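Read top to bottom, the protein sequences are chains S and U.
Residues 1 to 263, numbered by the numbering used here, are exactly what the first sequence covers, in order.
Residues 1 to 204, numbered by the numbering used here, are exactly what the second sequence covers, in order.
Hints were generated in silico from the structure; no laboratory data involved.
Computed from a predicted model, the values in this text were never measured in an experiment.
From the three backbone atoms N, C-alpha and C, an ideal C-beta is built for every residue, glycine too.
Careful: at least some of the hints might be erroneous.
Computed list of chain S residues with no C-beta within reach of chain U, every gap over 12 Å [to be verified]:
#, residue
1, 18
2, 19
3, 23
4, 111
5, 121
6, 122
7, 148
8, 173
9, 181
10, 187
Below 27 Å or equal to it, Euclidean Cα-Cα: the simulated DSSO-like pairs (lysine-lysine) are [claimed, not checked]:
#, chain 1, residue 1, chain 2, residue 2
11, U, 73, U, 199
12, S, 152, S, 187
13, U, 35, U, 7
14, U, 90, U, 118
15, U, 118, U, 8
16, S, 116, S, 187
17, S, 152, U, 8
18, S, 152, U, 90
19, U, 35, S, 152
20, U, 129, U, 186
21, U, 118, S, 143
22, U, 118, U, 43
23, U, 73, S, 143
24, U, 167, U, 118
25, S, 176, S, 143
Computed spacing ranges between beta-carbons, pair by pair [stated by the list, open to error]:
#, chain 1, residue 1, chain 2, residue 2, range
26, U, 10, S, 106, 44 to 54 Å
27, U, 68, S, 196, 47 to 57 Å
28, S, 181, U, 7, 29 to 39 Å
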Amino acid sequence: MTKDNLKIDENMAAEVTSRLDEIFLEDDPPAPPSRRPSSAAPLAQSRMAAESDAALEFSEPEPTSKAETLGGAADISAPPTSQDPLAELNTLFLSIDWEITDENMTALIGEVQKLKSRYQNNRLISALLDILNTIGKYVARNKVDSIPDSIKLLHEVFDSLKAAFQSPRMDQMAQKQLLGQHLQSLKRIREAISLRGGGGKPVAAAAKASPRAAVAAAGRGGAATPLSDSDMQRLLEALKPMVLAEMHKLVAAEMKRLGLELG
Amino acid sequence: MALINPKKKEVQVKLVYYGPGRGGKTTNLEYIYQKFQERITGKMTTVKTYGDRTLFFDFLPFDIGVIRGYNVKIQLYTVPGQVKYNATRKLVLRGVDGVVFVADSMLLRRKMNLLSLKDLQENLASFNKNIFTMPLVLQYNKRDLENQGIPLIPIETLEKDLNSKLKAPFFPASAVSGDNVVATMKKAISLTVASLQQKLELKG
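Next up, chain S with everything else stripped away, as it sits in the complex (with noise of 0.2 Å):
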């Protein structure tokens, strides 16, 4: 290959950007670059001077008393507001984000717990908490393995929980059709996972027992091969009377009101 063969010259970058300009002019100009080297030389001029340095490091702050942490750790890992009993959940989800490790995933496990024997009495939270350890420790288990739906559910359930947090007094339809969403979406993993092909029969083998039996034995450590569809279908079932519950207590409620309607 040669210039000959290709015939750019020094104009070529000057209409590309003309023709750019062309087809994504926007209506609003946008700001300038904040820095902008009028040509590639001296940007390649530049970077060759710094590559002098053999190691890169890009001015990493020096490592303070945690191992791997930046300079100003102190304000990176504060959350930004303390009273948020999500925010340790909110730090290891962002964690999980960058990479699944085991530690990751244990601390996320372990918060989704402790989260869960604190708010027991709250049927959504508690529900929404039992979905986020079942996904968890089936994506702790299999991590790159993990069907890409699961780990996106895992974000979903998490975004559902926030938004519980936030709105205490959701009423019972929009309660209904979260949990239903998010059972829909466990469905279809357990049915990717089938397809896939899977054991877990130390879940089977819980589930025997009793669904909630089969929903903590979902991610117990050891078990390296995903939910089978049975034991997918026992923790559908341990699921199903919490839902249920929510929509007996959402009939009575309207059932309450036309009875008052009514006289």
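With chain S held as given, fit chain U onto it using these hints.
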């Protein structure tokens, strides 16, 4: 090196959006696609497969027309941000001509930005490419979150953390609202084409 086909009179330029997970790479491409889909011929595609060969990226190709007798095709890619998808990131980086590094401005993501930039450097090195000579534009995304009271990393700190040695052009941006999304892309394409031109002159 860009894929150049003298017979077909075609140049393909590959631009990769790199950065930490959930930093806004896909949102950048989605904004471009949604806003300009009437003017660009390509279609945005998300590629997903499973298992050890996990691929998980977005792809947006478009033509910018004939320039100097050559049909110039731009291909925008995103890579998955999560560490676990490093194999995919490396795969997507193969044959890259230019990079947009999308940094997350949220205070909580400061370390992730650093790790991701180092990861970019390492992965480029595995293809014998140097981050200092690679056409690169930095985008400091999610600046709009400041209005919602979410603590952000000041631009000066982002510059110090990420760009003190690279000296690349940078844009504060909001991929959600589209602020500086197109400007970032245009700058990256211009730099990449200029770099390509330089390389060809050296070869010639």
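Now for the hints, and whether the structure bears them out:
no.: 1; hint: 18; in the structure: violated (9 Å)
no.: 2; hint: 19; in the structure: violated (5 Å)
no.: 3; hint: 23; in the structure: violated (5 Å)
no.: 4; hint: 111; in the structure: holds (16 Å)
no.: 5; hint: 121; in the structure: holds (31 Å)
no.: 6; hint: 122; in the structure: holds (27 Å)
no.: 7; hint: 148; in the structure: violated (6 Å)
no.: 8; hint: 173; in the structure: holds (28 Å)
no.: 9; hint: 181; in the structure: holds (21 Å)
no.: 10; hint: 187; in the structure: holds (19 Å)
no.: 11; hint: 73(U) to 199(U); in the structure: holds (18 Å)
no.: 12; hint: 152(S) to 187(S); in the structure: holds (14 Å)
no.: 13; hint: 35(U) to 7(U); in the structure: violated (33 Å)
no.: 14; hint: 90(U) to 118(U); in the structure: holds (13 Å)
no.: 15; hint: 118(U) to 8(U); in the structure: violated (38 Å)
no.: 16; hint: 116(S) to 187(S); in the structure: holds (22 Å)
no.: 17; hint: 152(S) to 8(U); in the structure: violated (42 Å)
no.: 18; hint: 152(S) to 90(U); in the structure: holds (23 Å)
no.: 19; hint: 35(U) to 152(S); in the structure: holds (26 Å)
no.: 20; hint: 129(U) to 186(U); in the structure: holds (22 Å)
no.: 21; hint: 118(U) to 143(S); in the structure: holds (23 Å)
no.: 22; hint: 118(U) to 43(U); in the structure: violated (31 Å)
no.: 23; hint: 73(U) to 143(S); in the structure: violated (37 Å)
no.: 24; hint: 167(U) to 118(U); in the structure: holds (15 Å)
no.: 25; hint: 176(S) to 143(S); in the structure: violated (30 Å)
no.: 26; hint: 10(U) to 106(S): 44 to 54 Å; in the structure: holds (52 Å)
no.: 27; hint: 68(U) to 196(S): 47 to 57 Å; in the structure: holds (50 Å)
no.: 28; hint: 181(S) to 7(U): 29 to 39 Å; in the structure: violated (53 Å)
Hint compliance for this structure: hints 1, 2, 3, 7, 13, 15, 17, 22, 23, 25, 28 are broken, all remaining hints hold.
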